[in-house]
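Line order of the protein sequences matches chains S and L.
If you use our numbering, the first sequence corresponds to residues 1 to 304, in order.
If you use our numbering, the second sequence corresponds to residues 305 to 733, in order.
Keep in mind that the hints were calculated from the coordinates and are not lab data.
Just so you know, not all the hints are guaranteed correct.
Said to hold, decoys possible - Some chain S residues close to chain L (C-beta under 8 Å, calculated; not the full set):
| id | residue |
| --- | --- |
| 1 | R12 |
| 2 | L86 |
| 3 | H112 |
| 4 | G128 |
| 5 | T188 |
| 6 | P191 |
| 7 | V194 |
| 8 | S269 |
As the list claims (entries may be wrong) - Stretches of chain S that chain L covers, calculated by requiring three or more beta carbons in the stretch to come under 8 Å of a beta carbon on chain L:
| id | segment |
| --- | --- |
| 9 | 98-110 |
| 10 | 212-226 |
Claimed, not checked - Pair ranges (Cβ atoms, derived):
| id | chain 1 | residue 1 | chain 2 | residue 2 | range |
| --- | --- | --- | --- | --- | --- |
| 11 | L | A598 | S | T53 | 55 to 63 Å |
| 12 | S | E235 | L | G399 | 52 to 60 Å |
| 13 | S | E235 | L | P481 | 51 to 59 Å |
| 14 | S | R196 | L | V340 | 21 to 29 Å |
| 15 | L | V571 | S | D88 | 18 to 26 Å |
| 16 | L | A598 | S | S193 | 26 to 34 Å |
All figures in this text were calculated on a predicted structure; none of them were measured in a lab.
By construction, the Cβ of each residue, glycine as well, lies at the ideal position given by its N, Cα and C atoms.
Read off the chains here:
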Amino acid sequence: MKHLISAGDLSRDEALLILDTAEELARVSERSIKKLPTLRGRTVVNLFFEDSTRTRISFEAAAKRLSADVINFSAKGSSVSKGESLKDTALTLEAMGADAVVIRHGASGAPHRLANWVRGSVLNAGDGTHEHPTQALLDAFSMRQRLGRIDGLKVAIVGDILHSRVARSNVLLLSTLGAEVTLVAPPTLLPVSVERWPCQVSYDLDAVLPKSDVVMMLRVQLERMNAAYFPSAREYSRRYGLDRDRFAKLHDDAIVMHPGPMNRGMEISAEVADSPRSTIVEQVGNGVTVRMAALYLLIGGENQ
Amino acid sequence: MIVIRNARILGGEPRDILIANGLISEIGAGLGGETVIEAEGLIALPGLVDLHTHLREPGREDAETVETGTRAAAMGGFTAVHAMANTSPVADTAGVVEQVWRRGQEAGHCDVHPVGAVTSGLEGKHLAELGAMADSQARVRVFSDDGKCVSDAVLMRRALEYVKAFDGVVAQHAQEPRLTEGAQLNEGEVSGRLGLTGWPAVAEEAIIARDCLLAAHVGSRLHVCHVSTAGSVEIIRWAKSKGWNVTAEVTPHHLLLTDGCAEASPVGPYNPIYKVNPPLRTQEDVTALREALADGTIDCVATDHAPHPVEDKETEWAAAAMGMIGLETALSVVQEAMVETGLLDWAGVADRMSFRPARIGRLSGQGLPLEVGAPANITLYDPAVRTPVDPTAMVSRSRNTPYQGLTLPGRVVATFLRGRPTVLDGKLV
Numbered sequence: 001m002k003h004l005i006s007a008g009d010l011s012r013d014e015a016l017l018i019l020d021t022a023e024e025l026a027r028v029s030e031r032s033i034k035k036l037p038t039l040r041g042r043t044v045v046n047l048f049f050e051d052s053t054r055t056r057i058s059f060e061a062a063a064k065r066l067s068a069d070v071i072n073f074s075a076k077g078s079s080v081s082k083g084e085s086l087k088d089t090a091l092t093l094e095a096m097g098a099d100a101v102v103i104r105h106g107a108s109g110a111p112h113r114l115a116n117w118v119r120g121s122v123l124n125a126g127d128g129t130h131e132h133p134t135q136a137l138l139d140a141f142s143m144r145q146r147l148g149r150i151d152g153l154k155v156a157i158v159g160d161i162l163h164s165r166v167a168r169s170n171v172l173l174l175s176t177l178g179a180e181v182t183l184v185a186p187p188t189l190l191p192v193s194v195e196r197w198p199c200q201v202s203y204d205l206d207a208v209l210p211k212s213d214v215v216m217m218l219r220v221q222l223e224r225m226n227a228a229y230f231p232s233a234r235e236y237s238r239r240y241g242l243d244r245d246r247f248a249k250l251h252d253d254a255i256v257m258h259p260g261p262m263n264r265g266m267e268i269s270a271e272v273a274d275s276p277r278s279t280i281v282e283q284v285g286n287g288v289t290v291r292m293a294a295l296y297l298l299i300g301g302e303n304q
Numbered sequence: 305m306i307v308i309r310n311a312r313i314l315g316g317e318p319r320d321i322l323i324a325n326g327l328i329s330e331i332g333a334g335l336g337g338e339t340v341i342e343a344e345g346l347i348a349l350p351g352l353v354d355l356h357t358h359l360r361e362p363g364r365e366d367a368e369t370v371e372t373g374t375r376a377a378a379m380g381g382f383t384a385v386h387a388m389a390n391t392s393p394v395a396d397t398a399g400v401v402e403q404v405w406r407r408g409q410e411a412g413h414c415d416v417h418p419v420g421a422v423t424s425g426l427e428g429k430h431l432a433e434l435g436a437m438a439d440s441q442a443r444v445r446v447f448s449d450d451g452k453c454v455s456d457a458v459l460m461r462r463a464l465e466y467v468k469a470f471d472g473v474v475a476q477h478a479q480e481p482r483l484t485e486g487a488q489l490n491e492g493e494v495s496g497r498l499g500l501t502g503w504p505a506v507a508e509e510a511i512i513a514r515d516c517l518l519a520a521h522v523g524s525r526l527h528v529c530h531v532s533t534a535g536s537v538e539i540i541r542w543a544k545s546k547g548w549n550v551t552a553e554v555t556p557h558h559l560l561l562t563d564g565c566a567e568a569s570p571v572g573p574y575n576p577i578y579k580v581n582p583p584l585r586t587q588e589d590v591t592a593l594r595e596a597l598a599d600g601t602i603d604c605v606a607t608d609h610a611p612h613p614v615e616d617k618e619t620e621w622a623a624a625a626m627g628m629i630g631l632e633t634a635l636s637v638v639q640e641a642m643v644e645t646g647l648l649d650w651a652g653v654a655d656r657m658s659f660r661p662a663r664i665g666r667l668s669g670q671g672l673p674l675e676v677g678a679p680a681n682i683t684l685y686d687p688a689v690r691t692p693v694d695p696t697a698m699v700s701r702s703r704n705t706p707y708q709g710l711t712l713p714g715r716v717v718a719t720f721l722r723g724r725p726t727v728l729d730g731k732l733v
């Protein structure tokens, strides 16, 4: 593995290697001294063109626990806001000797483009409406932790699939790992050729819930309402929100996930989000571990 | 006096062509002349005519100029191009179209026929002074807001009606604006996977259907720019079956490439070298477009040559400019897509790349059969070679060819504009 740009690039063995490595690294997090010397002398750049404190600090914590030097490059207030191109930013980072560049960008495909211009590894921390592979890895990690397996799990992903990089990465990774994914959304929030994706599709959340082992709720942005994807927040919530009544339809071992940040009361009710069967807080912790594993496997090797 | 020896006119038997005073003065065997050009194995075609070229001057001389763009045209075998109106300032007055026309005369590599804007500033609000442009020295007959759609139905109706007075034609860039806000790539399987905002086929087809009905209603001429979908072909076929005065063009790139290029290509995924408007479509669309060009539903090939400087393409996909250069590769792509597949013979190529576009543009002295007495606008083409496309070898000022990494057939060996060579031995004269 040179880069981690798309969950679809991972073979089953590679994906399992990341999850297994993360499991070993998780034990470190339980120690009183959490730091490993593995990436000492390596430089990781967090290149964030979109505000995302959660993802940035997760990658930062992961790199620091492996003793890497971390440079945070935020587009706001930098040369980028003065019109510098992605290519010139990349060449600047290249000159600084970045071993890995973690990129979050509003344009789909920006990490692919970046990989043409830097020699280091590129980690996609979310590109436009395309992918967010480490989110999918941490979701898979969290499922395995709670339910003991991924193979054969029935996973419902609910919400704005059309604009969701989390959904794209999860569909690709989970199908590689043998889970059965069902996407649930109003037809307006599904891509036109979604039937060719390696998953099932439903418009009816109530029909899908009783047979699901995992329900992953996606954030729905209110500006979608203004673009006529759905009539109102209330109607969306009524048809696709996970409230107490719907939660009761899940079987006893099923878990509820959300990549955050949540709109409580919109796609998920507060009592569901805070229930013991919600993995939402664990997902955050697992994010650091999984990102440590990814960084370690990409730039921790002997050939570096 | 120039004699071209043993050229195969439209792929036929070898003949000698004698050129005198800018005209074809004799066609036969064993002809002599002061200058002899050996054309053994070469095909002679009428000089190609492009209905859709962006020369970028005035305003974006960093991308192309009339001089560099017409050089590229000559290298591609063209003897006439139509320069699109979306310059800066926009070609929406007699003054601007005359300037572009004059720059073409000065450059001398091929005839330049300016296209006039339909609406002032391409803003889609008020008709530009179409009559003044028609009456100017540039004699504008083709009007287009290309790059933008004349989406207002009333304005489109008036434009279609108005140009009847001087036998003009409105060339529509068919793109329903609301359905294509922020659109990046053909809406389909690939755009869904790549997370790029979709450009649905219906946004093109709905406008074409409306415009065909409008053209029929007011009894005017409609030309549809860069048709890109199988559904558009069906609508145009239907309109033609009604006897309506509708013509259409297809670009070389829509005859060869698909939206899959955005995902997997010799130059990597998300490479905006493949970003173009209308977008590359699916293989089914490519097949339908080829068949439509073969059966005449689509009248002609037009390049939509759209030069952009490197910095407008070396970016992330969404930030990149739309368009690709195409003058220098058009004939090779048509050979690959249409001739090698048996869909068109060389007479068909001459019809779709010279005769018909000249008729649509109402050009005199261009797009005429290679016969005694006709202006000596001739392209000599070697169909037997195959070469890798080399962007650095292009004479266009820009390098944004989507064929990098491909090997294409054929090479333009010589181009003659009214008897004067503009290209000889594959090099500019």
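So, against the hints stated earlier in the document, which numbers end up violated here? Hint check: 1, 5, 8, 10, 13 and 14 fail, others pass.
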